[in-house]
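Just so you know, the sequences run in chain order A and B. If you count by the working numbering, then the first sequence holds residues 1 to 771, one letter each, in order. If you count by the working numbering, then the second sequence holds residues 1 to 247, one letter each, in order.
Please note that the accuracy of each hint is not assured.
In silico DSSO-like links for lysine-lysine, alpha-carbon gap of 27 Å or less [said to hold, decoys possible]:
id, chain 1, residue 1, chain 2, residue 2
1, A, LYS245, A, LYS108
2, A, LYS392, A, LYS48
3, A, LYS392, B, LYS138
4, A, LYS147, A, LYS205
5, A, LYS683, B, LYS128
6, A, LYS245, A, LYS232
Stretches of chain B that chain A covers, calculated by requiring three or more beta carbons in the stretch to come under 8 Å of a beta carbon on chain A [what the hints assert, rightly or not]:
id, stretch
7, 31-41
8, 101-113
9, 120-132
10, 207-214
Hints listed in this document are in silico derivations from the structure and should not be mistaken for laboratory results. Just so it is clear, the structure is predicted and the values come from calculations on it, not from any experiment. Just so it is clear, CB atoms sit at the ideal spot from N, CA and C, and this is done for glycine as well.
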Amino acid sequence: MQALAIAMVIVGGVSIFIMSLSTLDSLFETRENYYRNHHFADVFASLKRAPLSLVKRIEEIPGVNKVETRVLAYVNLDVEDFNDPVSGHLLSLNANSSGLLNQIYLRKGRLLEAGRDNEVLLSEEFARAHNLQPGDKLAATINGRRKVLDVVGHVLSPEYIYQIAPGAMFPDYLRYGVLWTARKPLASAYDMDGAFNNVTLTLSKDGNEQDVIDRLDELLKPYGGVGAYARKDQLSNRFLTEELKQQKTIATIFPLIFFGVAAFLLNVVASRLISLQREQIAGLKAFGYSNFSIGLHYTKLILMITAIGVIAGIGFGIWMGKGMSNIYMTFYSLPFMIYVLKAEVIIAAVLISMGVAVLGTLYAVSKAASLPPAQAMRPEPPAMYQTTLVEKLGLQRWFSQPTRMIFRHIERRPFKSLMTTLGISMALGTMMIGGFQEGAIKHMVEVQFGMSQRSDLTAIFTEPTSQRSLYSLQSLRGVEHVEGFRVVTAKFQFEHRSYRTTVQGIDPNGSLMRLLDTRLKVIDLPPEGIILTDYLAEILHIEVGDMLTLEVLEGDRPVVQVPVVGMAKEYLGLNGYMQLNSLNRLLNEGHAISAAWLKVDKLHQSHVYAELKGAPRIAGVVEQASAIESFYETMDETILFFTFITTLLGGSIAFGVVYNSMRIALSERNRELASLRVLGFHKAEVAYILLGEMAVLILIAIPLGIMIGYGLCAFLAFQFDSDLYRIPLVLGLKVYAFAALVVIGSSVISALMIWRNLAHLDMVAVLKTKE
Amino acid sequence: MSPDSQSRHQTLDENVVFHVHDVTKVYQMGEVQVRALRGVDIDLHRGEFTVLLGASGSGKSTLLNILGGLDTPTEGHVFYGENDLTRATESELTEYRRFHVGFVFQFYNLIPSLTARENVAVVTEIAKSPMQAEEALKLVGLQNRLDHFPAQLSGGEQQRVAIARAIAKNPDVLLCDEPTGALDSKTGIVVLQALQRVNQELGTTTAVITHNAGIAQMADRVIHLTDGLISKVYENETKLQPDELKW
């Protein structure tokens, strides 16, 4: 029974360890493999229009390996029976080809056929969201002209593992898709015959990334290049990298906690097993065995049990790791998954388990073997106890004898009590992570979309336009309020640091976009100067009052100096904000806007959508509310799953620690408790002593666990901070309460199981036997 | 008269504390049946100091455990006053031990985390009309060791704490299972003196089981058990003092 307990503890610890780490390694390996085999580009650049003859010059840039040009368009899509605005990126692709770079992976159907201008391949997620099968049709507004396209296949692309619409913050597979179609019709629609507006390239082995980017920028400047960027800045890859970084943190923290607790339990259970063998050890010594050979014997015994646990744990861990990897494969729409189990992971698991088991064993054996055999065969002398600190403080007279027993027992084994408490605290802390993520994301969305960006729709114009366009939007039935804004991509530079993002010129009196300070109070936008997202200021090491250099990457590409006049709190993305007029002046243009925020009456929503879909000058429409809703849906599932996992883990840690501690306490104190039963104590009174001790430790563990949980969440929030998003450290009462309740629940279950054992305390046997 | 009503009649005798009627106890040890008691009939009287004498395996511990409400017979009845212990529920037996019985065991069974005083208090806290813990410890001569933990006490002292614990609740009966079994003779005598003093000063009905025939000489009455049956019962005409005993 004890052996089984040891083996179970190891199986739990080892399997979680192997599962987490192998899943993580598999994800990284799979991504690398996917990128390599599908020739994911190293450098990406968009531009207005350049002749194909430029390709040769790009290829001549030192360090460039392969170059592929494309025609890329942002279009409105029309899916039957779906009224909400749908937009997508349409990419050119040669017939019967999966591309030179960023090769697509055909999941269903076939590739594009030569001479078929209307064929289209859909990103699998988008196709699945709308249940569009090969043979189905959908319509696209390509440069103002509606065109019906035939779906011929579903594909995956290393370039769009994460599919996020421009301006959107989350993937929304219903409202944004990626499509591939023949180059010729696409080029003619956008006047790109013999030209391109997007280029990607790979580097040769000795290629210098930054050097290539600089030269490419130089080359593309006259053709309206908006700045080349490296793979690490590619949107999908960046999101994936951030996600993997999070996974890595979590996949390291969890198994460490779990394994740590398992190691502690292993140590405790192994020591107990040995101390029960006290008399046998004395017997062996009496027969002339040396301490060394006895130690060796028990070490072998424990190692054998441990080995069984480790082998089972590895097997179970691999099985769970494969299952987990497959879940991730679906989650990230990866075409395949390479399961990787590194030798060092197994070696670490084996060494830690064996090491801990041997240490626990040797300690217990040396304690048992240090006694002369004759003494060891006599009953163990009563353990030494002391009056506890709490009692010395004058509280003693308030305590009944059983209560004193509880405190003294805790204090006699301070290390064990501490480790038990710590184990439970860890379990509680672990469980707070799930709730923290949920709460943090809700808070992010509330602040970003409830307090800051309050429009229902964002309409993006095909090109900067006059403010008069707002009137036509305003006149649509159902539109309550419209505010135009200007977005321009720029390189933000301060000292030697730079960052590429957008400057938004907004109406200072507008109500649909408000900037918030760190205390979430609305900031007034001054007539001159720029306000930066606080995290952007941190990246640039710039402070209020400093002069920021803006290198605009559009139009005449002016390079200007702007004073930083404030910081804004934003959880998603990084931006600079100026008054619209001020930005227009900076760009040497009239009162131009490039997009508009709309507030729409819910009743007329579909009408507004229909009008916008048909509007030739609207490149795309992003709908906030439904995007948030669908984000919540996908997020809810993931978070629910994650919360389930953390709860399961935390709950089982709590259960494991509490149950094992009580089991051992019961075995150690069997005699004492049975004696009390003999003296006329009721079952409940005896249970009070055993369970009371645990209850005290749990009561200490709950506030400690809350602190550990807070620390863990703060650590995660800090780790997850990136230019894509910052996770606020918001922990609701619900999060604390839930974690504490699960701990209490697991403890109650353990207590009930122990109660059954207490009912069978053998009073007669305990009086006859020595310890 | 049926044996049942006859026994009921007998228990009404004010002087009889325990009335044991035709008690058998069979243990199942694996595939072997062990008959520990094979039809025992005996009465124990109020205020009496009884020694149950027998070799190991004679069934004396089994009988004591049944009297103490720790075990139930396979057949037969045990009356404590008017109450049939064989029909009591587990919780009634707990109450019985709690309020009426004091136990002393061979291995003391003290609570190591409690001092001498507290080991007594653990029982007086739940008793109905107990004496002070200090008073009980004084009766066994340990008034100077009140705040010592069991680990700080000798075997004899530990056993005397156990006696103090057993008598502090003012029990109706004191049941002692080999109380000197783990002690040397000198210490054993001190312990027996304590038991005798309790019996004489408080008038507590006392039953001591032992395999040591020497101890029998201090008893009012001696009951011999052999192979699960009572083989001999006699009263000592002249009782010896504990310090006169030889073993």
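Status of the hints after comparison with the structure:
1. A:LYS245 x A:LYS108: violated (31 Å)
2. A:LYS392 x A:LYS48: violated (82 Å)
3. A:LYS392 x B:LYS138: Holds, at about 25 Å.
4. A:LYS147 x A:LYS205: Cα-Cα ~43 Å, so violated.
5. A:LYS683 x B:LYS128: holds (19 Å)
6. A:LYS245 x A:LYS232: Measuring from Cα to Cα gives roughly 13 Å; hence the hint holds.
7. 31-41: violated (count 0)
8. 101-113: holds (count 10)
9. 120-132: As far as the stretch 120-132 of chain B goes, the hint holds, because 5 residues have Cβ atoms under 8 Å from chain A.
10. 207-214: Violated - the stretch 207-214 of chain B has 0 residues with a Cβ nearer than 8 Å to chain A, which falls short of three.
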